[in-house]
Amino acid sequence: MGYIDVSKLGDANLNSAIREKLAEAPVVTLTKVNAMHNVCAGLSGDGEVIIDDSTGLYTGSFLEGLTVRVKGSVGWYAGDDMMSGELIVEKNTGCNVGSYICGGNIVIYGNTGSRVGYGMKGGNIIVCGDAGRWGGIMAMGGNLIVLGKIGEATGESMYLGKIFTRDPEAESKMGGNVFLDAIEADEVDALTELFEQYGIDADAKAFKVIRPMKTGRHAYQLFKPQLEPEKAKKYQVKG
Amino acid sequence: MAEVRAIDRPKSKWRKETLSEIDYKATYGKYRIRGCASPRQFPHFDDLMIMPSQLTRMPIDTYREDCETRTVLGGRFATKPLVLETPIMIAGMSYGALSKEAKIALAKATSMVGAVISNGEGGILPEELANSYRQSIQMLPSRMGFTKRSLEVADMIEVLYGIGAKPGLSGHLMGAKITADIAAMRQIPIGIDLHSHPRTGDAFGADDMVVKMQQLREITNWETPIFCKIAAGRVRDDVKIAIKIGFDGIILDGCQGGTGAAPVMASDHLGIPTMPALVQAVRTMEEMGVKDEMSLIISGGISDGSELAKALAIGADAVAIGTSAMVAMGCRVCMDCQAGKCAFGIGTQDPELRARLDIDKAAERVANYIKGMTAEAILLAKAAGKTKLKNLEREDLRALTLEACAMTGIPLVGSDFVIGEGFGFTASNKI
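Chains as they are written, first to last, in this note's numbering: chain A, 1 to 239; chain B, 1 to 431.
Hints may contain errors.
BS3-like mimics (lysine-lysine), calculated; alpha carbons at most 30 Å apart, straight line [said to hold, decoys possible]:
#1 A:224 with B:25
#2 B:244 with A:8
#3 B:30 with A:231
#4 A:32 with B:244
#5 A:173 with B:30
#6 B:25 with A:214
#7 A:21 with B:148
#8 A:214 with B:30
#9 A:233 with B:30
#10 B:16 with A:224
#11 B:13 with A:224
#12 A:231 with B:25
#13 B:148 with A:91
#14 A:214 with B:100
#15 A:214 with B:341
#16 B:148 with A:71
Quick caveat, the hints were computed from the structure, so don't treat them as lab data.
Model, not experiment: these values are computed from the prediction.
So here's chain B without its partners, still in its complex pose (with noise of 0.2 Å):
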């Protein structure tokens, strides 16, 4: 009789990605570093549904009707407030991990559709600052390529503390991307693979932090928007002492967002995801009682106009996109920005990569995408019945899954019940 073989169930855990990183850790003794955010799947606006105008409320005509979409931020105690044409901000992508002609390209699409782009680790570069409708300037840890000419141009400071792709480490850019020019601005030698600062040398601790604010003020003579950027973890205690130490507004970054380079380890596992970030940021602003003085942007994993208008809806005033700036430029995700080989003229130092990126196409599709994205926002505000895109609110949104109900304390869709923590809905099923 011939043999008979059952056959296994698919191997679940040993799966050729766990194998393959075996193999990479059994190979080098180390860790593997990769670029863009982390493959994993997680919770995310997708599992929110907004509510449409019917009866209850008069819809907003799509086509022929406005919806108001300037946003101010960071009004809480700078005299000089930043005023966008559209809730979007280019994230802090830096001259290195970006070629120059990525962050002129980016820089440009600012100016098309009036938002605001971040410098990013490692300096301002001139031509961005040249081209941008509203720009932001990084303090990092490492300082590298600041000083305090850089605050003078800056229509919106922001203190960074860590960011959603590998919060608790400091920058990374590896020595391929370390070319002479990108090494005389960040004053360190040329192919270095560099490791930031991982906390900053002027401020060790929220205390302290407190007096640096009043300095900052008193250099900023009270004029520019100061914001912390931090990654999400203990939200709640995060933003407590954000508000404490007196900042206009907190962008905050999910665990989605991207960088050009991180350890696996860190993009897969730490943080937690955008949107119940956001979720927690809102509750506790309004507790402290700063919600409609302070600024809140979100950031990780942004990448269309229902993600923007949900966050809106959640308590955001703007949202921050980073990888899918890029990807209007023409990136396809390979996420292997650390290489400095992108094949798109984007993440790379490469002259001849470089020269592929067409400048002045790559902003026109940057500011398409943007308009794009606002307008999808605003197509979803309108049905909802909004005339201002900041009308949003959470009560247009229902989940559509348990952990999301449980994760953003709104109603699951079908009923009125919450599961969890409130967010302005109560759990005995009246709204």
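Just chain A, with the same shape it has in the complex (with noise of 0.2 Å):
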């Protein structure tokens, strides 16, 4: 196993310096972080990080075949654009995370912020704890799982993809243009495969799924007046 101590290089050498690492040693472990940004962004190969900190902005970022390890926390935008891989966060995130992933898969063991899985394309994005709002907006392939409760707006105007839920408060909590459907068979099969992969406790039978709506239009709130006039009068009142 390789060893780099992040704390005595320069951000532009990083990402150099874990692909010299390894060509010669197959799993490659950072030190003190210190929350640098865009660790590990665009690596490729085979191999795996093991990040014994926490990180900050796009870590993981355009991953490619590896495997990366975050034994802390990661910031935003963590695994945006990843092709394929791994990324492992064992604490949080923040927000934004596997922003338009078009493979590999995402785990994250703690909670996560907003918009998780925007515009994914592809790829499995797993969340042990809970997901704020706005998760897998606009997705476009690929499938979001959250463990733990969802935020609001979840899936709004997705075009295509799935949302795995729990959450007995799913219902009230999605958004636009999708609704809520039973899961299938073969669902179940891959969400199974998926916990057992990770070693995540969970029963995939109790999933239900978001899924896009399929009229082919979307339904866009462009101005819908709100005619209560009794709430209304409070604006009648001067000063």
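Both chains are sitting in their own frames, so use the hints and assemble them into the complex.
What follows is the structure, given as structure tokens:
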């Protein structure tokens, strides 16, 4: 196993140093990362990078092939545009994790912020804790799996893709242009396999699926008058 | 006595166009979507004149001497800047808004003249990439059809924030154009009215974008020029932020820019015109001390060599053309692109209509148009005494109208007076 003390490297040198270490050893551990941004951004190939710390923005973005395991928490936009491989976060994340991912697995053992899986196009994002609002907003593919609570407007205007939830209040938290549906047998199998792969104790059958509307048209709220004269009376009071 | 009726003056406010707009809203309860650019008359480069060389300087022979047009873009930080043979870009028009045949024709044209083409939203069509001279790849908020592979094939990257035809709005592609092929490329359902993402999901604000830029530099190994494309609005502030973020260049799209589909309200009332936007961008880049290192591409209604020459004189490094390139292919600007029934096979996905566009003929016409437009600019530059197109400068210009003078800071014709903010000229009447 190779080790890199990140505090001794500049921003621009880190990912090239990781590449060099991975050529020597299949597993590289980073220490003293000190919330640095762009850790493992754009890395491709085989091997595993273990980050024994927390990281800043864009951790594992555009990742391809590798496994990146973060022992701490990660900042916003982790795994954005990821192609394949794994990004495993043992604690919590900021917002917009997994934006636009095309493939691979992102596993968050803690909670995540808003807009997880923003415009995702493929792959799997598993959130073991809670997710903030607008999860999977305008997704175009892939699977977002949230074991804890989902936030408001989850799945807003998804085009394609699936959001798996077992939040009992899911129906009241969904965004527009989606509907809550029963999980199908092949989806149970796929989820069960993922849970086993990542040591997650959950019953796939307990999940429901938020799916995009199949009407072929999204409904938009351009202007909707709120005709509630009784409530509006309070605006008639001067001063 | 017979009744005498006085004739009212023409109905200035309540024209038939106004009445029809009201009728539309009264019928449907929503706003109207339209293709192409705003039909409004905005201030434009026609309000400027180019000063010929006479006793003050020597003209360059129009027919026997050279005028260099080669243009290098995006070399601020990128180690492999873009080298073009004419300072012209085919602006980002998506496969979806345009037919496959139109995209291929435009790409082929760039190979005939040494220009660059932008892919537009929704991914890169392999046939476009195969035929283009230089390929710009847009990174849009929707990221439809975009992957790491897209960055790898790009000669230039455009991080798109907005376009002049509908700044502040997302891309619109009406269901009539979402065929199975386009739906598969974009990963969306067939036939859906597409209103794509209005803001990017991987950088909320300029500070995040600074970090994002480091990410893109790492992925591109600092080789590929990275531009931002912004619609003209608060140009001064936006340009300062683009400079801070670390872009190699800016594509600035004025409100005369066209599109495949936009709300009429957006194209008619959002943003500012191309010419004053360019002036403000140049002024800001000069103030920030980056004018020489950072590239500026201007777009929005550019249609001939005079506008190219005047844009370069003001301080642009290149221009981007969209509607005019479509016109060269046969488009007659019916402004109904959103319907997907383009009779010329350009703005449609209907197989029968697409078959009407002869790719090679269209490519040749676009190439001819770019050659002709470049030759027009060269003619003007030589007459102004320049051996390089890029040597045109604002001192070669004069404003025809008080409005253009005030907007550009360029002296009014027949005087040395400048009204408004300075632009290398002083208001004290001496140049």
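Going down the list of hints, with the structure as the test:
1. A:224 with B:25: 15 Å, holds
2. B:244 with A:8: Given that 30 Å is the threshold and the Cα spacing comes to 27 Å, the pair holds.
3. B:30 with A:231: OK: residue 30 of chain B and residue 231 of chain A at ~27 Å, within 30 Å.
4. A:32 with B:244: Roughly 29 Å separates the two Cα atoms, so the pair holds.
5. A:173 with B:30: 28 Å, holds
6. B:25 with A:214: 28 Å, holds
7. A:21 with B:148: OK: residue 21 of chain A and residue 148 of chain B at ~23 Å, within 30 Å.
8. A:214 with B:30: 23 Å, holds
9. A:233 with B:30: 28 Å, holds
10. B:16 with A:224: Satisfied, since the Cα-Cα distance of roughly 29 Å is no more than 30 Å.
11. B:13 with A:224: 29 Å, holds
12. A:231 with B:25: 29 Å, holds
13. B:148 with A:91: 27 Å, holds
14. A:214 with B:100: 27 Å, holds
15. A:214 with B:341: 25 Å, holds
16. B:148 with A:71: 26 Å, holds
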